[in-house]
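Participant: FYI, the numbering for the sequence shown is 1 to 286, going by our numbering.
Don't take each hint at face value.
[Stated by the list, open to error] As a list, the in silico DSS-like pairs of lysine-lysine whose alpha-carbon atoms are at most 25 Å apart:
{"no.": "1", "residue 1": "77", "residue 2": "114"}
{"no.": "2", "residue 1": "199", "residue 2": "274"}
{"no.": "3", "residue 1": "225", "residue 2": "114"}
{"no.": "4", "residue 1": "112", "residue 2": "179"}
{"no.": "5", "residue 1": "77", "residue 2": "59"}
{"no.": "6", "residue 1": "199", "residue 2": "78"}
{"no.": "7", "residue 1": "225", "residue 2": "77"}
{"no.": "8", "residue 1": "250", "residue 2": "279"}
{"no.": "9", "residue 1": "179", "residue 2": "114"}
{"no.": "10", "residue 1": "32", "residue 2": "250"}
{"no.": "11", "residue 1": "32", "residue 2": "77"}
In case anyone wonders, no lab produced these hints; they're calculated from the structure.
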Amino acid sequence: MKAQPSNERLDPVDSIHTVDLSCWEDFEDAIKISFANPPVPTLIGHVSSLLFRGQRDAKWGLRTTLERNHKPNFAFKKYFNILSSTHSVVESYTERRFEFPNFDSYFDTLSKTKSPFHASMMPAYEYMVYLRHFGFPSPLLDWTESPYIAAYFAFVDASTSLDSRVAIYSYREWAGAGKIASPSEATILTAPNDTRAHKRHHLQQCKYTVCIHNNNDEWIYSQYKDAANAHNTNQDIIRKYTLPTSERAKVLQILNRYNINDFSLFESEESLMKTMAMKAFDFPPT
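Take these sequences, add in the hints, and give me the full structure.
Facilitator: Right, here's the structure in full:
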């Protein structure tokens, strides 16, 4: 196994440690090292699992669909009021019942806490996950427990123009010690796991994070670039690996051998067509 690449830099876009790699094999080596050398916990510490996220353009920062489609620093109350306005329509169409709490009570409780850990316990979380999976702007940033699934999402729709690069992020929230969070500073927190979700949530091994802070007694969904803790090795360790898009066909063919393709991740007729087209037109002959 090769040593960890030494060409690490601090990305000016989102203040994240970035490693520019030349090929897929270098990424596999880097990930193997990350899995083989987890942080050592203190007596009261905890080491959380690595999460991964793929993005087809390395120039993009970590941004939620809410931030991309509307604006950053969106207030909790404003977002949950929007959720309330969609609830009856979605339930009528899907014939499903989603647990929906009393938001007035929730915000009354929220106004009395300054703890980001309490603020991250979202009401209507199952409903938020459902909306996120079907394209509704969301403060939930989606990750996967698999570096290979993240790589698939990075490469599948990537440009093949010269000098283009994809990005695959790794994230570890807890790195052996306790986690420190100040309400006035942007904080990344992993969302709860115990919720019902669409089956693609499980096929893709999805996990979610939120990034939040408190401003003048109002909780806000923050920008990830404000929370990237590039100088603290005990929490919120984010690393960004970039690879050239010239590796696309090779990587997708390798991942397909692991049964990672659009059909295995979405299980729809559209994804079957996309997978067959990829095999027919994109893969080099064997």
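Participant: For each hint, tell me whether it holds in the structure or not.
Facilitator: Outcome of the hint check:
1. 77 / 114: 16 Å, holds
2. 199 / 274: Between residue 199 and residue 274 the Cα gap is close to 19 Å, so the pair holds against 25 Å.
3. 225 / 114: 22 Å, holds
4. 112 / 179: 21 Å, holds
5. 77 / 59: 31 Å, violated
6. 199 / 78: 29 Å, violated
7. 225 / 77: Holds: residue 225 and residue 77 sit about 22 Å apart, inside 25 Å.
8. 250 / 279: Measuring from Cα to Cα gives roughly 11 Å; hence the hint holds.
9. 179 / 114: Holds - the C-alpha atoms of residue 114 and residue 179 are around 15 Å apart, at most 25 Å.
10. 32 / 250: Holds, at roughly 19 Å.
11. 32 / 77: 42 Å, violated
When each numbered hint is compared with the structure, violations occur for hints 5, 6 and 11.
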